[in-house]
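Asker: Sequence:
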Amino acid sequence: MRFKTSLRAGQFLTNNELMKEFSVANSGGMRKSNKNNVLVIISDHTKGLYDDKYYGNELHYTGMGLEGDQELNYRQNKTLAESNKNGVDVHLFEVFKAKEYIYRGMVKLCKEPYQEIQLDKNNNERTVWIFPLIIIDSEDIIDSSVYDICYENKIKEIKKCLEKI
Numbered sequence: 148m149r150f151k152t153s154l155r156a157g158q159f160l161t162n163n164e165l166m167k168e169f170s171v172a173n174s175g176g177m178r179k180s181n182k183n184n185v186l187v188i189i190s191d192h193t194k195g196l197y198d199d200k201y202y203g204n205e206l207h208y209t210g211m212g213l214e215g216d217q218e219l220n221y222r223q224n225k226t227l228a229e230s231n232k233n234g235v236d237v238h239l240f241e242v243f244k245a246k247e248y249i250y251r252g253m254v255k256l257c258k259e260p261y262q263e264i265q266l267d268k269n270n271n272e273r274t275v276w277i278f279p280l281i282i283i284d285s286e287d288i289i290d291s292s293v294y295d296i297c298y299e300n301k302i303k304e305i306k307k308c309l310e311k312i
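What the sequence shown shows, in my numbering, is residues 148 to 312, in sequence order.
No false leads were mixed into what you were given.
Cβ-Cβ distance ranges computed for the label pairs, FRET-style: (1) N204 / E310: 34 to 44 Å; (2) Q262 / I283: 21 to 31 Å; (3) E310 / G157: 34 to 44 Å; (4) G215 / R155: 32 to 42 Å; (5) C257 / I312: 32 to 42 Å; (6) R273 / Y202: 13 to 23 Å.
The list that follows gives simulated cross-link-like pairs (lysine-lysine, DSSO-like), each with its CA atoms no further than 30 Å apart: (7) K258 / K232; (8) K232 / K182; (9) K244 / K311; (10) K167 / K194; (11) K151 / K258; (12) K268 / K200; (13) K167 / K182; (14) K194 / K225; (15) K200 / K151; (16) K200 / K258; (17) K225 / K246.
No lab work stands behind these hints, which were simulated from the structure alone. Quick reminder that beta carbons are idealized off the backbone N, C-alpha and C, glycines included.
I would like the entire structure built from these sequences, with the hints used as guidance.
Answerer: Structure follows, in structure tokens:
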């Protein structure tokens, strides 16, 4: 039996509400619930470590692992990589403002995962896995002001980096 959520795309949740709704852990960008057979992924645009980005309607989501090269067969990277055939439903949340999780809906892999170079938490280059995802049966109903906040936060990050040079 598939897990059913009452959430609607665009709905805001706190971390506690997210944990309760899906029966997942309280932290991490990829949180699996064996009880509900779901993987909750969180694209947090307020933090600079992972470089998730959109290409049209595809979210290219960075895999799990804070330092060193990421492994495709490691924990939830493997779950996400096999999600089109392993029966695990994947639900996406995005964060544009700290502590506000926006439910985007269920997603699926639309292309094969690929690798690219990004910096790890120690600013060392490493190889990461990128998962191209599309939202299933959902419209983009996020207010544009949310994107503006994200953009402003990125500008602040860049300015801080430039001040250090």
